[in-house]
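When you line the sequence shown up against my numbering, it's residues 47 to 395, in that order.
Hints may be right or wrong, so weigh each one.
Between beta-carbon pairs, the in silico distance windows are [said to hold, decoys possible]:
| id | residue 1 | residue 2 | range |
| --- | --- | --- | --- |
| 1 | ALA377 | GLY251 | 36 to 46 Å |
| 2 | ASP280 | GLY121 | 37 to 47 Å |
| 3 | ASP280 | ASP338 | 33 to 43 Å |
| 4 | GLN73 | LYS205 | 47 to 57 Å |
| 5 | PRO96 | ALA371 | 18 to 28 Å |
| 6 | ARG364 | PRO302 | 44 to 54 Å |
| 7 | GLY340 | PRO302 | 51 to 61 Å |
| 8 | GLY106 | LEU148 | 30 to 40 Å |
| 9 | GLY314 | GLY251 | 37 to 47 Å |
| 10 | LYS310 | GLY133 | 13 to 23 Å |
| 11 | GLN381 | GLY133 | 18 to 28 Å |
| 12 | MET103 | SER235 | 43 to 53 Å |
| 13 | ASP375 | ASP280 | 46 to 56 Å |
As a list, the in silico DSSO-like pairs of lysine-lysine whose alpha-carbon atoms are at most 27 Å apart [said to hold, decoys possible]:
| id | residue 1 | residue 2 |
| --- | --- | --- |
| 14 | LYS310 | LYS267 |
| 15 | LYS205 | LYS250 |
| 16 | LYS295 | LYS310 |
| 17 | LYS108 | LYS250 |
| 18 | LYS86 | LYS99 |
| 19 | LYS99 | LYS295 |
| 20 | LYS78 | LYS295 |
| 21 | LYS310 | LYS382 |
| 22 | LYS310 | LYS108 |
| 23 | LYS78 | LYS205 |
| 24 | LYS86 | LYS250 |
| 25 | LYS310 | LYS78 |
Derived from the structure by calculation, the hints contain no laboratory data.
Using N, Cα and C, we set each Cβ at its ideal position, and we do this for glycine too.
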Amino acid sequence: MNSLRKLAICALGGAALAVTSLSASAQEHVFKLHHLLSAKAPAQTRMLEPWAKQVEMNSGGKVKIEIYPAMTLGGRPPELISQARDGVVDIVWTVNGYTPGLFPRTEVMELPFVYVNDAVAANLSLYDMFESDLRQEYDGVEVMFLHVHAGQGIHMAEKLVRSPSDMEGLTMRIPTRTGAWIIEALGASPVSMPVPDLPGALQKGVVDGAFIPWEIIPPLKIQENTRYQIEGIDQTRFGTTTFQVSMNKARWDSLPADIQQAFKDASGRDWWAEVGRIWTGADDFGIKLAVDSGNEHIVLSEVETEAFRVALEPVVDRWVEEVTANNIDGAGLVQKARELIAKNSSGAN
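Start from the sequences and build out the full structure, keeping to the hints where you can.
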């Protein structure tokens with residue numbers, strides 16, 4: 047091998063090492079994002095992955111977000127918020143209601159017939175309320191964004207439900223305390239469990255059904271253990287669930303301003319609205335899968351839907367009474383949430 051060729055090979059090798067070194071050093075900030083669902087769930091593929099890529103792009107390659115699905119870093123879903131607060135992981139996506147009473151003000155968006163059927167409007171309303179009404183209950187974390195899902199539909203293993211009286215004596219799964227109150231108001235017994243446990247509970251007859259959105263049907267194959275998916279007129283749902291993507295506060299405070307801005311720019315008001323559209327789209331796909339698999343999609347009449355509204359209004363009153371006892375203006379939050387949802391509704395945008 048002549049000397050010129052040796053020099054060329056050495057130069058190429060050195061260049062390759064330099065590129066590798068540059069790539070590694072460019073990612074100055076690596077974050078672990080932990081969540082409860084599978085890597086194929088819409089929550090990851092349609093929401094968390096695009097958001098993470100946007101943050102990375104905004105940072106000019108200085109940020110890398112590694113996503114760990116299905117609790118692969120250990121623990122149970124209800125422990126996610128403490129994992130973020132304690133710095134066990136950097137970022138979590140979790141269900142607020144897995145830790146009952148920890149986020150009481152944010153619960154206002156979960157209440158039946160406060161939330162009706164518009165995830166975009168609900169998310170925008172959460173954004174508009176966050177600084178003035180909600181931030182104070184997120185100690186220990188920096189919220190990237192909050193969102194709801196498309197709303198609680200009724201999934202039944204065997205029994206067709208068309209009225210509140212049809213629910214009496216049944217056992218129903220729900221993830222939140224406000225959801226448990228909904229079930230109790232309908233004369234049924236609530237069972238709280240993380241959603242990954244639901245297929246087994248349905249199969250074994252531990253529960254007769256569940257209040258969950260349609261989007262969870264595909265990743266957990268809910269259509270295989272249910273016969274009926276039920277909702278009110280005009281896609282009316284029976285409350286919803288709030289979620290958060292949040293970072294450990296100490297980690298956030300340690301970041302330079304440009305990296306914080308990369309996260310902020312990826313998590314603005316437009317993104318909160320987009321997340322509502324993502325979850326609505328995933329819901330449409332889920333109900334189509336159930337129907338295509340032979341399940342029956344029941345849409346209640348206006349009269350039947352109104353019967354549920356009347357039966358569930360005491361849930362709102364119960365929530366107002368409970369949070370007011372803890373020096374929270376529950377009635378004011380309900381009024382503000384309803385006004386903002388009306389203002390932010392799809393028809394008004």
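Verification of the supplied hints:
Distance hint for ALA377 and GLY251: a CB-CB separation of about 41 Å, consistent with the stated range 36 to 46 Å. A hinted range of 37 to 47 Å holds for the C-beta pair ASP280 and GLY121, which are about 39 Å apart. Distance hint check: the CB atoms of ASP280 and ASP338 are about 23 Å apart, inconsistent with the given range 33 to 43 Å. A beta carbon spacing of about 53 Å between GLN73 and LYS205 agrees with the range 47 to 57 Å that was offered as a hint.
Distance hint for PRO96 and ALA371: a CB-CB separation of about 41 Å, inconsistent with the stated range 18 to 28 Å. The hint said 44 to 54 Å for the Cβ distance between ARG364 and PRO302, and at roughly 46 Å that hint holds. In this structure the supplied range 51 to 61 Å holds for GLY340 paired with PRO302, their Cβ-Cβ distance being about 55 Å. Remark: the range hint 30 to 40 Å for GLY106 to LEU148 is upheld by a beta-carbon distance near 36 Å.
About 46 Å separates the C-beta atoms of GLY314 and GLY251, a value consistent with the hinted range of 37 to 47 Å. Between LYS310 and GLY133 the CB atoms are about 21 Å apart, so this pair conforms to the stated range of 13 to 23 Å. Under the hint 18 to 28 Å, the C-beta atoms of GLN381 and GLY133, about 38 Å apart, miss the expected range. Distance hint check for MET103 and SER235: the Cβ-Cβ separation is about 48 Å, which falls inside the suggested range of 43 to 53 Å.
The hint said 46 to 56 Å for the Cβ distance between ASP375 and ASP280, and at roughly 30 Å that hint is violated. A C-alpha spacing of about 35 Å is found between LYS310 and LYS267, which places the hinted pair above 27 Å, so the restraint is violated. Using a Cα cut-off of 27 Å, the hinted pair LYS205 and LYS250 holds, with the two alpha carbons roughly 15 Å apart. With a C-alpha separation of about 14 Å, the suggested pairing of LYS295 with LYS310 holds against the 27 Å cut-off.
Straight-line distance between C-alpha atoms of LYS108 and LYS250 comes to about 48 Å, which puts the hinted pair past the 27 Å bound. Between LYS86 and LYS99 the alpha-carbon distance is near 17 Å, which keeps this suggested pair within the 27 Å criterion. Between LYS99 and LYS295, the direct Cα distance comes to roughly 21 Å. Compliance with the 27 Å bound is thereby established for this hinted pair. This hinted pair checks out: LYS78 and LYS295 have alpha carbons roughly 14 Å apart, not beyond 27 Å.
Taken as a hint, the LYS310 and LYS382 pair is honoured in the structure, with Cα atoms around 25 Å apart against an allowance of 27 Å. Simply put, LYS310 and LYS108 have alpha-carbon atoms about 15 Å apart, close enough for the 27 Å limit, and the pair holds. Restraint check for LYS78 and LYS205: the C-alpha separation of about 42 Å exceeds 27 Å, so the hint is violated. A distance of roughly 25 Å separates the Cα atoms of LYS86 and LYS250; the hinted pair therefore holds under the 27 Å criterion.
Note on LYS310 and LYS78: the hinted pairing holds, with a Cα-Cα distance of about 18 Å set against a maximum of 27 Å.
Of the numbered hints given earlier, the model fails hints 3, 5, 11, 13, 14, 17 and 23; all others are met.
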